[in-house]
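S.K.: One-letter residues, chain by chain:
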Amino acid sequence: MIPLIEARGLDVAYGHAPPVLHHVDFTLRAGEIVTIVGPNGSGKSTLLRALLGMVPLSGGTVRRAPGLRVGYVPQTLHLDANLPLPVSRFLRLNRRLRADEVAALLARVGAPGLETREMATLSGGQFQRVLLARALAGDPQLLVLDEPTQGLDQPGTAAFYRLIEEVRRAIGCAVLSVSHDLHVVMSASDRVVCLNGHVCCEGTPSVVSNAPEYRALFGLGSQGALALYQHHHDHGADHPDHPHDHEVCDHDH
Amino acid sequence: MIIDAFVLRALAAGLLLALAAGPLGCFVVWRRMAYFGDATAHGAILGVALALAFGISVTLGTLVTALVMALVIAALQGRGWAVDTLLGVLAHSALALGLVAVSFLPGVRVDLSAWLFGDILTVGAADLWSAAAGVGLVLALLAWRWEALLSATISEDLARSLGLDPRREHLVLVLALAIVVAVALKVVGALLIGAMLLIPPATARVYARSPEGMAMAAVALAALAVLAGLAASLVLDTPAGPSIVTASAAFFAGTLGGAALRRAILSRVRA
Chain Z
1 MIPLIEARGL DVAYGHAPPV LHHVDFTLRA GEIVTIVGPN GSGKSTLLRA LLGMVPLSGG
61 TVRRAPGLRV GYVPQTLHLD ANLPLPVSRF LRLNRRLRAD EVAALLARVG APGLETREMA
121 TLSGGQFQRV LLARALAGDP QLLVLDEPTQ GLDQPGTAAF YRLIEEVRRA IGCAVLSVSH
181 DLHVVMSASD RVVCLNGHVC CEGTPSVVSN APEYRALFGL GSQGALALYQ HHHDHGADHP
241 DHPHDHEVCD HDH
Chain B
1001 MIIDAFVLRA LAAGLLLALA AGPLGCFVVW RRMAYFGDAT AHGAILGVAL ALAFGISVTL
1061 GTLVTALVMA LVIAALQGRG WAVDTLLGVL AHSALALGLV AVSFLPGVRV DLSAWLFGDI
1121 LTVGAADLWS AAAGVGLVLA LLAWRWEALL SATISEDLAR SLGLDPRREH LVLVLALAIV
1181 VAVALKVVGA LLIGAMLLIP PATARVYARS PEGMAMAAVA LAALAVLAGL AASLVLDTPA
1241 GPSIVTASAA FFAGTLGGAA LRRAILSRVR A
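Sequence lines, in order, name chains Z and B. Anchor point for the first sequence: position 208 equals 208 in our numbering, and the numbering is continuous, going up by one each time. Anchor point for the second sequence: position 152 equals 1152 in our numbering, and the numbering is continuous, going up by one each time.
Be aware that one or more of the hints could be misleading.
Chain Z side only, calculated, beta carbon under 8 Å to chain B, not exhaustive [claimed, not checked]: (1) R8; (2) V12; (3) Y14; (4) L68; (5) L79; (6) N82.
From chain B, some residues computed to sit far from chain Z (all C-beta separations above 10 Å) [what the hints assert, rightly or not]: (7) A1148; (8) A1202; (9) A1208; (10) P1211; (11) G1213; (12) A1231.
Just the calculated beta-carbon pair ranges, DEER-fashion [stated by the list, open to error]: (13) R98(Z) - R1167(B): 28 to 36 Å; (14) D153(Z) - W1146(B): 49 to 57 Å; (15) P66(Z) - R1167(B): 54 to 62 Å; (16) L1076(B) - Y14(Z): 46 to 54 Å; (17) R117(Z) - A1260(B): 18 to 26 Å; (18) W1146(B) - P18(Z): 57 to 65 Å; (19) S123(Z) - T1122(B): 54 to 62 Å; (20) A1220(B) - H78(Z): 26 to 34 Å.
In short, the hints are calculated from the structure, not lab data. What you are looking at is a predicted structure, and each value in this text was computed from that prediction instead of being measured. All residues carry an ideal CB built from backbone N, CA and C; glycine is no exception.
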């Protein structure tokens, strides 16, 4: 069976800056749930965009299955307050949907009856659900989420990821997401790719969380990394956004 | 009552401008391109000078300089300068350069205030035809790219994920803006074009419930401002362009005041 997306030797650079991504190999098969984790500036979002053809490559190849239907959930949007945009109009951007289809989409993401509300007046959780509803409108084979829970609190984040798992079970799509709050996503993932400009390590959640490369990058024990929906107030010096040592990550390349 | 032909032509030119400025002005508001519009409009004065110097049509001259101006801005954006600084530098430079260039023109004395503040009552039949062509082109462009423009305005990432190129959509707006500037120069003048692009959409926003509703309301408000401004200018013998903008500003103040009053009454009723 052909993979949905296959990338070989991917390089991406912006201008004359050092490359954001260097020689990344990546494969995504139908129905797979893959999470890309990495510290800030590790090229997670760039990898997502490169895989979807949203940024030009400076090297390597990306092959997407012919006719691949992708539902994309962007990082949270900043809407101008001067743009009056009801939820139903937002869902209909570049797409023809009947009123009952709009209602069904909103019901599926647990946000029924929001059709006439203006996007700018929605709460953070409602807003992300509407973004998800939009991504589901084209009956996607692949759902792509770029840090979709930014700005949500922990219960909100947990509820959103539970919703994605439900949706995924219902329609059977592959899910490719990017996260830095990995302790919430990981247990649902078939595979985790740990990224820091290149692929540091990859595998099932438990393999990755025990890998020395991953621990070097995040400084979190496996217990913290795998505990789903659990609160973490004890990061202390081990804040995941600040890797202690990038060099450890390179030893197997 | 006999209405002179020049009044009818003025009315037609103003209404044509309202048709294009309404929807385009909405994008200027949504994308925070207000300074961009001003800079393009100020550059048009340079276009007038060049057109008169080389003996080409003023509409063509302003169209070309407005387009060049807009493209220079688009090219310079994202190179480390704050956008408002960059636009301020370019807008004032282009205006000053245009005024200096006009002073070099031999022979005919140029009526500067006509270009700065508009001279709608001297619109000729040929002006009207070129205005109609320009407005038709802008409306066709906006209608063709409407969904794409809206997507790119809401989120560039979302647009890219739909296979759209946000830079191309930006260029569509730049082109439309250059055309509207060329059309509006005769009607309200270089200094007041920004007002025609901003005030009607800002007024329409108060009660608009959808992007399309806001665009249509902006057209209606701009058309009303043209009617009221022209009538006032004829009755009171005031300059037409500034009268149109004054009428537009009055609608804005009235709408905001009305909305505030309505809120106050509603909260009083509930209390």
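S.K.: Evaluate each hint against the coordinates.
M.R.: Hint check results:
Of the supplied interface hints, the one on R8(Z) is violated, with its beta-carbon coming no nearer than about 22 Å to a beta-carbon of chain B, more than 8 Å. Taking 8 Å as the C-beta contact cut-off toward chain B, the hint placing V12(Z) at the interface is violated, the least distance being around 14 Å. For Y14(Z), the interface hint is violated, the least distance from its beta-carbon to any beta-carbon of chain B being 11 Å, above 8 Å. With a cut of 8 Å, the hint placing L68(Z) at the interface with chain B is violated, because the nearest CB-to-CB distance is about 12 Å.
Interface hint at L79(Z): satisfied, since its Cβ lies 7 Å from the closest Cβ of chain B, which is below the 8 Å cut-off. The beta carbon of N82(Z) comes within 5 Å of a beta carbon in chain B, closer than 8 Å, and the hint placing it at the interface holds. Once the 10 Å rule is applied to beta carbons, A1148(B) is inconsistent with being away from chain Z; the minimum gap is 7 Å. The Cβ of A1202(B) does not lie farther than 10 Å from every Cβ of chain Z; its closest approach is about 7 Å, which violates its non-interface assignment.
Remark: the non-interface label on A1208(B) conflicts with the geometry, its nearest Cβ contact in chain Z lying 5 Å away (cut-off 10 Å). Annotated as non-interface, P1211(B) brings its C-beta within 10 Å of a C-beta of chain Z; the closest such distance is 6 Å. Residue-level check failed: G1213(B) sits 7 Å from the nearest beta carbon of chain Z, not beyond 10 Å. For A1231(B), the shortest C-beta to C-beta distance to chain Z comes to about 30 Å, beyond the 10 Å cut-off, and the non-interface label holds.
At roughly 33 Å, the beta carbons of R98(Z) and R1167(B) sit within the given window of 28 to 36 Å. Between D153(Z) and W1146(B) the CB atoms are about 37 Å apart, so this pair departs from the stated range of 49 to 57 Å. The hinted range of 54 to 62 Å is not satisfied by P66(Z) and R1167(B), whose Cβ atoms lie roughly 27 Å apart. Taken as a hint, the range 46 to 54 Å is violated for the pair L1076(B) and Y14(Z), whose Cβ atoms sit roughly 18 Å apart.
Remark: the range hint 18 to 26 Å for R117(Z) to A1260(B) is upheld by a beta-carbon distance near 23 Å. For W1146(B) and P18(Z), the hinted distance range of 57 to 65 Å is not satisfied, since their beta carbons lie about 40 Å from each other. Between S123(Z) and T1122(B) the beta carbons are some 55 Å apart, a value that agrees with the proposed interval 54 to 62 Å. Between A1220(B) and H78(Z) the beta carbons are some 29 Å apart, a value that agrees with the proposed interval 26 to 34 Å.
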